[in-house]
Each structure stands twice: as structure tokens, then as C-alpha cells.
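Protein sequences, first through last, are from chains Z and S. 2 is the number of the first residue of the first sequence in the working numbering; add one for each residue after it. 21 is the number of the first residue of the second sequence in the working numbering; add one for each residue after it.
Keep in mind that the hints were calculated from the coordinates and are not lab data. Just so it is clear, the structure is predicted and the values come from calculations on it, not from any experiment. Among these hints, one or two may not hold up.
As the list claims (entries may be wrong) - Over the 12 Å line for every Cβ pair with chain S, so calculated as not near, a few chain Z residues:
id, residue
1, Pro50
2, Lys420
3, Ile450
To be verified - Heads up, simulated BS3-like pairs for lysine-lysine below, C-alpha to C-alpha not over 27 Å straight-line:
id, chain 1, residue 1, chain 2, residue 2
4, Z, Lys39, S, Lys40
5, Z, Lys154, S, Lys23
6, Z, Lys282, Z, Lys232
7, Z, Lys154, S, Lys37
8, S, Lys40, Z, Lys127
9, Z, Lys233, Z, Lys277
10, Z, Lys362, S, Lys114
Unchecked claim - Examples of chain S residues lying across from chain Z (beta carbon under 10 Å, computed):
id, residue
11, Glu35
12, Thr39
13, Gly60
14, Ile63
15, Glu110
16, Leu115
17, Phe120
18, Leu129
Note that beta-carbon positions come from the ideal geometry of N, C-alpha and C, so glycine has one too.
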Amino acid sequence: MDGLCCGPGYASPSEAVKAPREKLLYTIAIYTGTGIQKPDYLATIDVDPESQNYSQVIHRLEMPGIGDELHHMGWNACSSCHGDEKMTRKYLLVPGVRSNNIYVIDTATNPHAPSLHKVVDGAKIKSNTNLSGPHTVHCLGSEIIISFLGDAKGEAPGGYLHLNKEFEIVGRWENSMGDIPFSYDFWYQPRHNVMVSSEWAAPNTFMPGFDLEEVGHLKYGRRLHIWDFEKKKPIETMYLGEDGLIPLEVKFMHDPKSSHGFCGAALSANVIHFWKSKDGKWEWEKIIDIDNEPHPDWPIPIPGVMSALLVSMDDKYLYINNWLHGDMRQYNISDPHNPVLTGQIWMGGLLGKAPFVNGVKVAGGPQMYQLSLDGKRMYVTTSLFSTWDNQFYPEIRTEGGVMVMIDCDVDNGGMKINKDFILDFGKEPNGPSRCHESRYPGGDCTSDIWL
Amino acid sequence: MNKITIANRNNTIFEVKGTKPLLSELRSQGLDLPYGCQYGGCITCAAKLINGEVDQRSQVALNNRQINNGYVILCVARAKTDCTFDIGVESHDKLYRNPFIDPLEPHELKSNIAILKDNN
Numbered sequence: 002m003d004g005l006c007c008g009p010g011y012a013s014p015s016e017a018v019k020a021p022r023e024k025l026l027y028t029i030a031i032y033t034g035t036g037i038q039k040p041d042y043l044a045t046i047d048v049d050p051e052s053q054n055y056s057q058v059i060h061r062l063e064m065p066g067i068g069d070e071l072h073h074m075g076w077n078a079c080s081s082c083h084g085d086e087k088m089t090r091k092y093l094l095v096p097g098v099r100s101n102n103i104y105v106i107d108t109a110t111n112p113h114a115p116s117l118h119k120v121v122d123g124a125k126i127k128s129n130t131n132l133s134g135p136h137t138v139h140c141l142g143s144e145i146i147i148s149f150l151g152d153a154k155g156e157a158p159g160g161y162l163h164l165n166k167e168f169e170i171v172g173r174w175e176n177s178m179g180d181i182p183f184s185y186d187f188w189y190q191p192r193h194n195v196m197v198s199s200e201w202a203a204p205n206t207f208m209p210g211f212d213l214e215e216v217g218h219l220k221y222g223r224r225l226h227i228w229d230f231e232k233k234k235p236i237e238t239m240y241l242g243e244d245g246l247i248p249l250e251v252k253f254m255h256d257p258k259s260s261h262g263f264c265g266a267a268l269s270a271n272v273i274h275f276w277k278s279k280d281g282k283w284e285w286e287k288i289i290d291i292d293n294e295p296h297p298d299w300p301i302p303i304p305g306v307m308s309a310l311l312v313s314m315d316d317k318y319l320y321i322n323n324w325l326h327g328d329m330r331q332y333n334i335s336d337p338h339n340p341v342l343t344g345q346i347w348m349g350g351l352l353g354k355a356p357f358v359n360g361v362k363v364a365g366g367p368q369m370y371q372l373s374l375d376g377k378r379m380y381v382t383t384s385l386f387s388t389w390d391n392q393f394y395p396e397i398r399t400e401g402g403v404m405v406m407i408d409c410d411v412d413n414g415g416m417k418i419n420k421d422f423i424l425d426f427g428k429e430p431n432g433p434s435r436c437h438e439s440r441y442p443g444g445d446c447t448s449d450i451w452l
Numbered sequence: 021m022n023k024i025t026i027a028n029r030n031n032t033i034f035e036v037k038g039t040k041p042l043l044s045e046l047r048s049q050g051l052d053l054p055y056g057c058q059y060g061g062c063i064t065c066a067a068k069l070i071n072g073e074v075d076q077r078s079q080v081a082l083n084n085r086q087i088n089n090g091y092v093i094l095c096v097a098r099a100k101t102d103c104t105f106d107i108g109v110e111s112h113d114k115l116y117r118n119p120f121i122d123p124l125e126p127h128e129l130k131s132n133i134a135i136l137k138d139n140n
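Build out the structure end to end from the sequences listed, making use of the hints.
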């Protein structure tokens with residue numbers, strides 16, 4: 002289903018944009034931290050408007066145990082091995098942040114009912130590599146690297162797990178962590194021999210919840226790191242300071258020739274743009290600054306909490322969220338130094354601008370999102386992380402998460418909530434669960450990288 | 021042997037040897053408890069101690085306010101005396117707080133960064 006020939010994915014981003022419309026969506030749903038003693042699961046969602054099951058969960062694959070906190074996930078293969086006809090995009094790798102297990106899920110044998118293929122045991126990962134707190138999964142060619150935020154005892158900076166294509170532990174990927182204090186997300190751009198990594202905090206800091214005072218005690222990140230990708234070691238640090246408090250998601254443009262990338266600093270609610278200048282030097286600037294908003298019950302204005310960002314496959318639009326404010330924004334980044342706000346919607350959030358969407362009460366705010374390859378449909382979920390949800394949106398425990406679909410105007414810019422699609426995870430058979438990251442079987446805007 | 025009473029499960033009583041953390045001792049006797057990391061770092065298994073004394077020196081998840089409110093990380097804590105707990109998310113009323121509306125005092129931070137009142 003991936004392409005016309007060859008291996009998985011597409012020959013180029015412009016080919017990916019022309020791929021057939023997605024019909025299925027795989028989304029993480031969690032019970033960890035909700036009080037419901039059931040395993041977290043992978044929900045398969047029907048997103049084919051011609052189907053009678055449109056906008057419904059059609060399958061739930063439960064993990065073998067409870068308490069994983071499934072969070073982000075990634076494919077075993079993407080467009081980075083498009084030239085390798087022996088490879089297929091068949092497996093989703095789904096880490097449990099708290100359990101340290103990596104679940105390898107077969108989505109190809111029956112795409113409508115994925116099945117568990119293998120578990121990479123969390124205890125074995127700890128004993129073999131001294132890593133815990135897995136986060137971002139990227140394939141590189143036929144192999145896989147996964148960022149971990151801590152050592153086996155949950156202390157920073159963690160490092161990178163290297164798995165081979167049989168999902169066996171090879172060891173640590175990196176040759177050195179240099180003086181990196183924290184890990185989180187990463188993205189690589191092979192033609193520039195570069196990887197950029199960001200900083201959340203040690204698992205022992207962020208897993209129990211958010212203590213604001215720990216930011217001042219330097220327990221949370223404020224830097225981006227430039228790596229020599231081939232040498233597998235960091236070579237430069239960009240200190241973002243107050244402009245870059247808790248820099249989370251990091252994405253390069255999809256065009257493999259581009260050196261431009263973006264990072265969302267969650268607590269500062271800023272977008273940081275980075276690029277390689279003509280003389281080969283890595284530069285950064287703040288290009289978007291979301292103002293904190295007053296709230297009658299808060300002693301200080303509410304920060305946006307920009308916990309994710311996404312670049313459309315054609316590199317024309319940047320999408321960001323403000324989890325506490327409750328809005329999603331679309332910016333035209335044709336000139337990446339000067340983004341232009343072209344769309345905005347509201348769903349949930351603490352500012353009370355859109356407590357209901359399509360008749361469903363939205364607990365939480367826009368948090369994770371996946372964009373269709375053609376850039377026209379964005380699926381947005383509302384849960385951030387179980388303990389942080391419990392602090393800011395305690396009602397999500399009984400109301401569950403929500404998935405909303407946004408229609409995006411790719412020609413003129415603009416965002417509009419789709420009236421026909423809504424998925425209320427508060428109505429799940431085992432009780433209210435919380436939905437998080439999503440992936441499409443044919444590849445998506447947050448996985449595929451071109452060599 | 022110590023007696024562990026679970027107040028919000030009809031005062032059910034379990035006897036524990038103290039050789040293993042409370043989470044594994046209680047789960048092995050059939051008590052359904054939430055858990056995550058199993059090394060004292062992630063707070064998922066927190067319960068509220070109403071009476072008694074535990075040794076939870078190896079936990080790293082709780083700040084001092086949570087400890088003062090009676091929270092115990094069951095995956096690493098061992099009973100030193102007979103104890104009474106509330107368990108599960110029903111016991112988490114004071115575990116989670118909005119950090120902007122209700123900030124911590126310096127002495128209420130996690131023990132590795134807390135500034136004790138006596139030193140001020």
C-alpha cells in the first residue's frame with residue numbers, strides 16, 4: 002500500500018502528498034493513571050467516510066500488562082528505505098514510558114486488527130543498555146533508534162537504543178552524549194549529516210507530574226543539540242534560555258535538501274526556528290511567541306504549553322498547539338523566518354472558548370496531532386501525559402479523551418473543525434481512556450525521512 | 021509480620037513480611053493495585069498512609085508536600101509497623117495539584133532540592 006514499486010514509503014515528499022487517502026488510523030489510548038485497572042491499548046479507527054464504521058474505534062489491541070503509559074510510536078521502516086525492496090512498513094514500535102517495554106505490533110497481516118508481534122523486554126533494555134523512559138522512535142534505513150530520557154534509575158540524560166530490523170537489542174546507538182543534560186525528541190536530516198535533539202527532563206522529574214519550581218532548579222531543559230549524525234555524537238549546543246523553556250518536539254522540513262527545522266518550547270510557548278547558514282554555521286531564532294493569557298482563577302497568566310508541532314508534507318505549513326489555552330494554529334512557513342498565521346481553531350482548553358466540539362465535552366486541550374499526507378485532514382487528541390493531565394485537567398479522569406478532525410485549506414490557508422467526525426474516548430467499553438499519538442498505515446507527516 | 025489495612029476496600033486486612041515492597045506483597049495476595057515503573061520514580065502506585073510507618077527511602081517521585089500529605093510509593097515502600105492505607109486514584113485527592121495556582125514552598129520541593137525551613 003506504500004507505493005508503486007520498491008520498498009516502503011515514497012520516492013519524495015511530493016510523491017507522498019499524492020498518496021491515496023488514509024482509511025485507517027492507529028491511536029494510542031491509555032488507562033495508566035486513570036484508576037481503571039486495564040492495559041493501555043492501540044485503537045484502530047475507521048477514517049474512511051464511505052465506511053459504515055466511519056469515526057469509530059473498530060479494534061482494540063490491549064498490551065499484555067497494565068501500567069505501560071503508551072505515548073509515542075514509530076514505524077519499523079519509512080521512506081528512508083524506499084530503495085530497499087526487501088523492507089516493508091509492517092510494524093509499529095510502541096514504547097511504554099513507565100514500563101520500559103517496547104511493543105512491536107504487526108499492522109500489515111490484518112490492518113483492521115493489528116496483533117502483537119514481539120515485546121522487547123523493558124528489564125532487558127535496562128540491564129543491557131542502562132536506559133529507561135523511551136520516547137521517540139525513528140527508523141534509519143532498516144534499523145531503528147529510540148530516544149530514552151533516563152538511565153535505568155530514571156536519571157537524565159538517557160540516550161539512544163539501537164534495534165536491528167529483527168527488533169533485537171544491538172546496544173546504545175550514540176558514541177557519546179557529550180555534555181547533554183536531558184533528552185527528549187530528535188529528527189535527522191542525512192544530507193546535512195545532522196541530527197537535532199531536544200530536552201524535556203529526567204523521568205524521575207516529569208513522570209510524577211509537573212512542579213513548576215523545578216524549572217527554576219534547572220530540572221527541565223532549555224537547549225537544542227546539533228549532532229554529527231555519522232559520528233553519532235553531539236557537536237554543538239544551542240542555549241535557548243528563557244525563550245526555550247522545555248523544548249519538546251523537533252522537526253526538520255521534509256525536503257531532504259533543506260536545513261530548516263523547528264522546535265516548540267512548551268513552557269515558553271515559542272517556536273524556535275533553526276537552520277544552517279551559508280557559511281555552514283547552525284543558527285536559531287524565535288519566530289512565534291504565544292502570549293500567556295489571563296484567567297480569573299490563576300494568580301499568573303496561563304502559558305500556552307506548546308507540547309507538539311508538525312510540518313506538512315509539502316513544507317508549506319507549520320502546525321502548533323497550545324494545550325492549556327485550547328487552540329491549534331496553522332502558519333504559512335514559505336518564508337521560515339517570517340511565519341504567517343493562516344488558521345486557528347479552538348477545542349477544550351482552560352480559557353473556556355470551546356468547551357464542546359460536535360456535541361462532545363472536551364476534557365483537556367489540543368495535544369497530539371497527525372496530518373494526512375495531502376495536508377487536508379488533521380486528527381487531534383487531547384491527553385498529554387497521565388500525571389500532567391491529572392494536574393491541569395482532572396475531569397479527564399471521568400470524561401476521557403477526545404479525537405477531533407480538522408479540515409485544513411492547503412491552497413489558501415485556514416482550519417475548520419469537521420462536523421461529521423468526533424470520537425469520544427469517554428465512551429470506551431472499559432471506561433474513559435485517553436487518546437494520544439496517531440499513525441497512518443501508509444506513512445505520515447511525523448515519520449518519513451528521505452536519505 | 022505487619023498487618024496492612026486497606027480502609028477504602030472495606031478495611032480488608034493483609035499480613036506482610038516486609039521482605040518485599042508493599043506493592044508486590046499485596047498484589048501477590050490478590051489486591052489489585054495500579055503501578056508503572058516499579059522502581060519508585062513514576063508515582064502511578066502512590067497510596068495514602070492513614071496510620072503507621074513505612075520505609076520508602078528509595079522513592080524519588082514524591083515532593084515533600086506529597087510526603088507530608090501521607091503519600092507512599094508502594095512499589096518501593098516496606099511496612100515498618102502495622103499500617104492503614106487508602107489506595108488507588110480515590111486516594112489521590114492531594115497528590116495532584118495545579119502547579120501555577122498552588123505553588124510549592126521551598127521546603128515542599130523534592131528532597132534533593134528542598135530548602136529546609138531551619139536553614140532559612
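So, going through the hints one by one against the coordinates:
1. Once the 12 Å rule is applied to beta carbons, Z:Pro50 is consistent with being away from chain S; the minimum gap is 38 Å.
2. With a least beta-carbon separation of about 33 Å from chain S, Z:Lys420 lies farther than 12 Å from that chain, consistent with its non-interface assignment.
3. The Cβ of Z:Ile450 sits about 31 Å from the closest Cβ of chain S, beyond the 12 Å cut-off, so the non-interface label holds.
4. Only pairs whose Cα atoms come within 27 Å are accepted, and Z:Lys39 paired with S:Lys40 is accepted, the gap being roughly 24 Å.
5. Straight-line distance between C-alpha atoms of Z:Lys154 and S:Lys23 comes to about 30 Å, which puts the hinted pair past the 27 Å bound.
6. For the hint pairing Z:Lys282 with Z:Lys232, the CA-to-CA distance comes to about 18 Å; that is within 27 Å, so the pair holds.
7. With a CA separation close to 26 Å, the supplied pair Z:Lys154 and S:Lys37 stays within the 27 Å bound.
8. Taken as a hint, the S:Lys40 and Z:Lys127 pair is honoured in the structure, with Cα atoms around 21 Å apart against an allowance of 27 Å.
9. Under the criterion of a C-alpha separation no larger than 27 Å, the hint pairing Z:Lys233 with Z:Lys277 is consistent with the structure, at around 19 Å.
10. Of the pairs offered as hints, the one joining Z:Lys362 and S:Lys114 holds, with about 25 Å between alpha carbons and a cut-off of 27 Å not exceeded.
11. For S:Glu35, the interface hint is violated, since its Cβ never comes within 10 Å of a Cβ in chain Z; the closest pair sits about 23 Å apart.
12. Among the interface hints, the one on S:Thr39 is violated; its C-beta lies about 20 Å from the nearest C-beta in chain Z, farther than the 10 Å criterion.
13. With 10 Å as the threshold, the beta carbon of S:Gly60 comes within range of chain Z, its nearest partner Cβ sitting at about 8 Å, so the hint holds.
14. The interface hint given for S:Ile63 is met, as the beta carbon of that residue sits about 4 Å from the closest beta carbon of chain Z, less than 10 Å.
15. Checking S:Glu110 against chain Z by beta carbon gives a least distance of about 7 Å; that is within 10 Å, so the hint holds.
16. For the restraint placing S:Leu115 at the interface with chain Z, the shortest Cβ-Cβ distance is roughly 8 Å, inside the 10 Å limit, so the hint holds.
17. Interface restraint check: S:Phe120 against chain Z, minimum CB-CB distance 6 Å, threshold 10 Å, status holds.
18. Of the supplied interface hints, the one on S:Leu129 holds, with its beta-carbon coming within about 6 Å of a beta-carbon of chain Z, less than 10 Å.
Going through the hint list in order, the structure does not satisfy hints 5, 11, 12.
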